[in-house]
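Peer 1: If you want the building blocks of each chain, they are given just below.
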Amino acid sequence: MLGLSLALFGAALAAALAGIGSAIGIGVAGGAAAGVMTEDPNKFGSCLILQALPGTQGIYGLLIAFFVLNKLGLLGGAGAVALDWNQGLQILASCLPIAVVGWYSAIWQGKTSAASIQMISKKPEAMGKAIILPAMVETYAVLALLTSILMLMGVQVG
Amino acid sequence: MGVARLKKAELYYHKSVHEKIAAALQETGACQIITTSSEENQQKISDVEALIASIDEKLADVRYLNRTLTPHYVDPIPSLDRMLGERPEVTMSELEELASKTDLKKICDNTRAVEHETGEVRLKLSEARLNSSILSALEFFDYPLSVITEGTRTLTGLIGTLKAENVSGFKAALGEFSKFAQDSELIIAPFDEKDKASEIYAAVIYSRNIEAEIRETCAKNGLSIVEIPANLTGTPAEEKEKVTASISELEAKETELSAKIAALAEENVPTVQKLSDYYNSLSARYNGTAKSDATECTMLTKFWLPANKADEIKTKIEEIGPDIELVLNDPAPDEEPPSLLNNGNYVRPFNILTELYSSPTYRGIDPTPLLAPFFWIFFGMCLGDAGYALVVFGTILYVFKKYKKIGTGVKDFIRLFLFCSVSTFIYGVISGSFFGNFIDSFVPVLIPLKNSLMLVDPMTNPMQVLGISLLLGVIHLMFGLLIAAYDKLRHGEFIDALGENISWFLLIVGLCLFGVGLGGMLPPHFTQIGQAMAILGAVIIFIYAGKGEPNYFKKIINGFLALYGSTSYLGDILSYSRLLALGFGSAVIGMVINLLGGLAADIPYIGWLIAVVVIIGGHIFSIAINILGSFVHPLRLQYVEFFGKFYTGGGEPFTPLTLSQEFVNVKA
Numbered sequence: 022m023l024g025l026s027l028a029l030f031g032a033a034l035a036a037a038l039a040g041i042g043s044a045i046g047i048g049v050a051g052g053a054a055a056g057v058m059t060e061d062p063n064k065f066g067s068c069l070i071l072q073a074l075p076g077t078q079g080i081y082g083l084l085i086a087f088f089v090l091n092k093l094g095l096l097g098g099a100g101a102v103a104l105d106w107n108q109g110l111q112i113l114a115s116c117l118p119i120a121v122v123g124w125y126s127a128i129w130q131g132k133t134s135a136a137s138i139q140m141i142s143k144k145p146e147a148m149g150k151a152i153i154l155p156a157m158v159e160t161y162a163v164l165a166l167l168t169s170i171l172m173l174m175g176v177q178v179g
Numbered sequence: 002m003g004v005a006r007l008k009k010a011e012l013y014y015h016k017s018v019h020e021k022i023a024a025a026l027q028e029t030g031a032c033q034i035i036t037t038s039s040e041e042n043q044q045k046i047s048d049v050e051a052l053i054a055s056i057d058e059k060l061a062d063v064r065y066l067n068r069t070l071t072p073h074y075v076d077p078i079p080s081l082d083r084m085l086g087e088r089p090e091v092t093m094s095e096l097e098e099l100a101s102k103t104d105l106k107k108i109c110d111n112t113r114a115v116e117h118e119t120g121e122v123r124l125k126l127s128e129a130r131l132n133s134s135i136l137s138a139l140e141f142f143d144y145p146l147s148v149i150t151e152g153t154r155t156l157t158g159l160i161g162t163l164k165a166e167n168v169s170g171f172k173a174a175l176g177e178f179s180k181f182a183q184d185s186e187l188i189i190a191p192f193d194e195k196d197k198a199s200e201i202y203a204a205v206i207y208s209r210n211i212e213a214e215i216r217e218t219c220a221k222n223g224l225s226i227v228e229i230p231a232n233l234t235g236t237p238a239e240e241k242e243k244v245t246a247s248i249s250e251l252e253a254k255e256t257e258l259s260a261k262i263a264a265l266a267e268e269n270v271p272t273v274q275k276l277s278d279y280y281n282s283l284s285a286r287y288n289g290t291a292k293s294d295a296t297e298c299t300m301l302t303k304f305w306l307p308a309n310k311a312d313e314i315k316t317k318i319e320e321i322g323p324d325i326e327l328v329l330n331d332p333a334p335d336e337e338p339p340s341l342l343n344n345g346n347y348v349r350p351f352n353i354l355t356e357l358y359s360s361p362t363y364r365g366i367d368p369t370p371l372l373a374p375f376f377w378i379f380f381g382m383c384l385g386d387a388g389y390a391l392v393v394f395g396t397i398l399y400v401f402k403k404y405k406k407i408g409t410g411v412k413d414f415i416r417l418f419l420f421c422s423v424s425t426f427i428y429g430v431i432s433g434s435f436f437g438n439f440i441d442s443f444v445p446v447l448i449p450l451k452n453s454l455m456l457v458d459p460m461t462n463p464m465q466v467l468g469i470s471l472l473l474g475v476i477h478l479m480f481g482l483l484i485a486a487y488d489k490l491r492h493g494e495f496i497d498a499l500g501e502n503i504s505w506f507l508l509i510v511g512l513c514l515f516g517v518g519l520g521g522m523l524p525p526h527f528t529q530i531g532q533a534m535a536i537l538g539a540v541i542i543f544i545y546a547g548k549g550e551p552n553y554f555k556k557i558i559n560g561f562l563a564l565y566g567s568t569s570y571l572g573d574i575l576s577y578s579r580l581l582a583l584g585f586g587s588a589v590i591g592m593v594i595n596l597l598g599g600l601a602a603d604i605p606y607i608g609w610l611i612a613v614v615v616i617i618g619g620h621i622f623s624i625a626i627n628i629l630g631s632f633v634h635p636l637r638l639q640y641v642e643f644f645g646k647f648y649t650g651g652g653e654p655f656t657p658l659t660l661s662q663e664f665v666n667v668k669a
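Chains A and B supply the protein sequences, listed in that same order. Its first residue numbered 22, the first sequence is counted upward by one per residue in this note's numbering. Its first residue numbered 2, the second sequence is counted upward by one per residue in this note's numbering.
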C-alpha cells in the first residue's frame, strides 16, 4: 500500500501547495483592492477581476489532485487500483510541477495583481495592460500544469 | 477597414453664432477639437470664458447635491439595467427647459440646512452619550455633581479613576494628610478586590484651601482626573434621567432628519442627475470651443472629423447661417492626427482588444482585423465546451432581446463574447466536451452521436492537441512576421524586411517542414525544401546581423548572436501550449463537477436535489472562471507573441466632443 500512499501524498501536495499560493496571492491582491475601493467604490468590477487572477493556481492544483484520484480509482466506489511503490513515486513526481510552481507563481502573481490594482486606481483606462502583467506570471503555472498532466498521462497504473 | 481617414476642418464664424456652432459640433459626436488658442487670445474669447464660469457655478451645485443626496437615494432602476442602457431618455431642449425652471440654489439651501442640522444633532447626541456613560459609572456618588463642577463656598471636589491595586495606598496617603479627616471625604465606587487591574472610580471632596495638596496626592497615587462636563449639576441619578430623555429626543430628531434628507433625495436626485448630464455637456461643449482662435468679432475653430462624415457635418453647420466658412483639408504629412478604428460589424467588437493595448498611429496598421480570427479560435480552444458555449450564447441573446437600448461600447463588448461562443461551441463539439463529460456520465444515449462528431480527443491523446496548438502558434507568429515585412516594404525598407522578418520566416517555416518531414508526415521532398529554406534564412540572418560592422571578427560574433535569437522563437511557440492546457483545464473542471454531482446523487432521498445544485452551481462557477482565463490568455498571445513581431501602437485615440451621458440617455 506504500504506492497508494505516495500517490495520495502527491495529490495532497498539488491541491494544498497550489491552494496555499493562491490564497496568499488573492489575499495580497485583495488588500490592495480594498485600499483602492475606499477611494473609489466604482472600481469594484475591475478590482475583482484583477484579484481573481492569482486564483487559478489553486484550481490547477485541485484539477491535478482529482486527476490522480480518478487514476487511482478512488472516485466512484470502484475501489483503488493496485500500485507498487515505484508507480506511487512516479505519480508523486508528476504532481510536483504544479504543486511547487503553483505555490510560488500564485504568490508573485498576487503581488503583480496588487501593483496592477494600484495602477488602475490612477489610470482606469490602462485595464488591458493591468490584466496582462499578472497573466505573464501565470504562464509558468500553465506550463507546470501542462507538465503535470503530460507526466500523469504517461504513468501506467493498474 | 483599418484606421479611418480623417479631415482637418477649419471653421470661421461670427461670434454671434458661437453657441449654435458649439452645439452643432457636439451633437454630431464626430468632431475632435484641436487646441489653437494661445495665451494672448484668452481675452478675445472672454465671452466664452464667462459662459464657462457661469456653467461651472451650476456644476458646483449639481456636484454638491449629487454627493450629498445620492447616498440617501434608492434608485428605482437596478444598476445592471442602468449599465445595459435602461435609463430615462431626454432631449437637450427638454433638459434646457428643466434647467430653466429648476431652482438649484433653493434645493442646495434646503439640503445644506438639513445637513447642518443633522451635524448639530449628531454632535449633541455624541456628547449626551458620553455623559450618559460617565454618569453610569458615577452611580455610587450621592451628592449633586455641582459640588465637583462648581463647588460650594468652602468645598470643592474631583472625580477620577485609579487601578484597584492602588486604592489602599491612596486611602492611606489621604489619611496621613492630617487636614483631610475633618474637612473632606473620600468616596470610592464598589469594586472587586481580586481584579487588581480594573479601573475604579473615586471621588474626593475637600476644603478649597487644601486643593493643591490634594491634587498632588492624587497625582502621586496614580489617580487620573476625569473631567465632569460643567452642565451636570444634579446628582448622577437625576442627571442620568435627564440625559436619557435628551438622548431619546435627539435620536427621534435624527430619524426625522434622515427621513427629511431621504425625501429631499427622492424628490430631487432624478432632476439633479439630468442636470448633471446637462451642465457637464455644456461644460464640455464650451471648453471645446474655448480652444479656438479669435479676433474681435470672429472665431476660428479647428477640428478633426472622419472623412466619411464630412458632407453630413458640412450641411449641418452651413444650415446655421450665412456668415460661416468651413474649409476641409487632408492632414498634412507632418501632422499626426488621432486614430479612429473603422471596422465592419464583424471585426468591430474586437476593436476593444486593440484599444486596450494601444491605438495604432494614424498612418500605422490597424491590427484588429488581423488578430480577430486568431483570438476567436484561441478563445474557443481555451473555453472549449459546447455546453458552456450554449449557456453564453443563450444568455447574450436573452440580454439583447430584453435590453434594446444598450450603449454601443457595452454592446460591442458583449458581442465579442457572442462571437467567441460560436468558436467555443465548434471546438467543444470536435473535442467531445459538453459540460465536461456530462454526456458520458448522465446521458449515455448520446455517446455515439458525440463520438461521431469528435475530431480530436485531448483526454486520451493530448499530444495531438498540443501539436495543433503549437502549429497554430507557428502560423500566428509567421503571420506577424509577414505583416512586419509588409509594413517595411510599404515604406521601401526592402533590406530590413528581408533581414529582420523574411529571413526568420524562412528559417522557422523551413525548420518546421524539415522536422515534420523527418517525422515521416510529409513527402520526402518537403524535407529538402525545408532544409533549403532554413539554411537560406539562417544565412540571411547571419549576414544581416553583421551589416554596418567593419570588423570581420565582430561581424561573425554578431551573426551568431542573431542566430541565438532563435531561442526566443522557441519560447514564443511553446507559449501556445497554453491553448491545450486551458482547454484541458475547463474540460477537467467540468468532469470534476459531474463526478461530485454523481457522488451526491447516491445520498438517499435528497441526493438528486444536492446533485442538481452541485452540477448547476459548479458549472456556473466553471463558466465564470474559465471565461476569465480564456479571455486573458489568448489576449496575452496577441499582445506579447503576435504584437511583439510588428505592432507598437502609440497613436492618440480619436476623442470627439460628445454629450455627457452619465445618468440619462441624452439625445440631441
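Note that these hints are calculated values from the structure, not bench results. A hint or two may mislead.
[Stated by the list, open to error] 30 Å max Cα-Cα, derived DSSO-like pairs, lysine-lysine:
no.: 1; chain 1: A; residue 1: 150; chain 2: B; residue 2: 59
no.: 2; chain 1: B; residue 1: 21; chain 2: B; residue 2: 106
no.: 3; chain 1: B; residue 1: 125; chain 2: B; residue 2: 241
no.: 4; chain 1: B; residue 1: 125; chain 2: A; residue 2: 144
no.: 5; chain 1: A; residue 1: 143; chain 2: B; residue 2: 106
no.: 6; chain 1: A; residue 1: 144; chain 2: B; residue 2: 412
no.: 7; chain 1: A; residue 1: 144; chain 2: B; residue 2: 241
Quick caveat: nothing in here was measured; it's all calculated off a predicted structure.
Peer 1: With reference to the structure, classify each hint as holding or not holding.
Peer 2: Going through the hints against the structure:
1. Restraint check for residue 150/A and residue 59/B: not satisfied, since their Cα atoms lie roughly 37 Å apart, outside the 30 Å limit.
2. Of the pairs offered as hints, the one joining residue 21/B and residue 106/B holds, with about 27 Å between alpha carbons and a cut-off of 30 Å not exceeded.
3. Between residue 125/B and residue 241/B, the direct Cα distance comes to roughly 15 Å. Compliance with the 30 Å bound is thereby established for this hinted pair.
4. Of the pairs offered as hints, the one joining residue 125/B and residue 144/A is violated, with about 42 Å between alpha carbons and a cut-off of 30 Å exceeded.
5. Taking the CA atoms of residue 143/A and residue 106/B, the gap is near 34 Å; set against the 30 Å cutoff, the hint is violated.
6. Note on residue 144/A and residue 412/B: the hinted pairing holds, with a Cα-Cα distance of about 23 Å set against a maximum of 30 Å.
7. Taken as a hint, the residue 144/A and residue 241/B pair is broken in the structure, with Cα atoms around 54 Å apart against an allowance of 30 Å.
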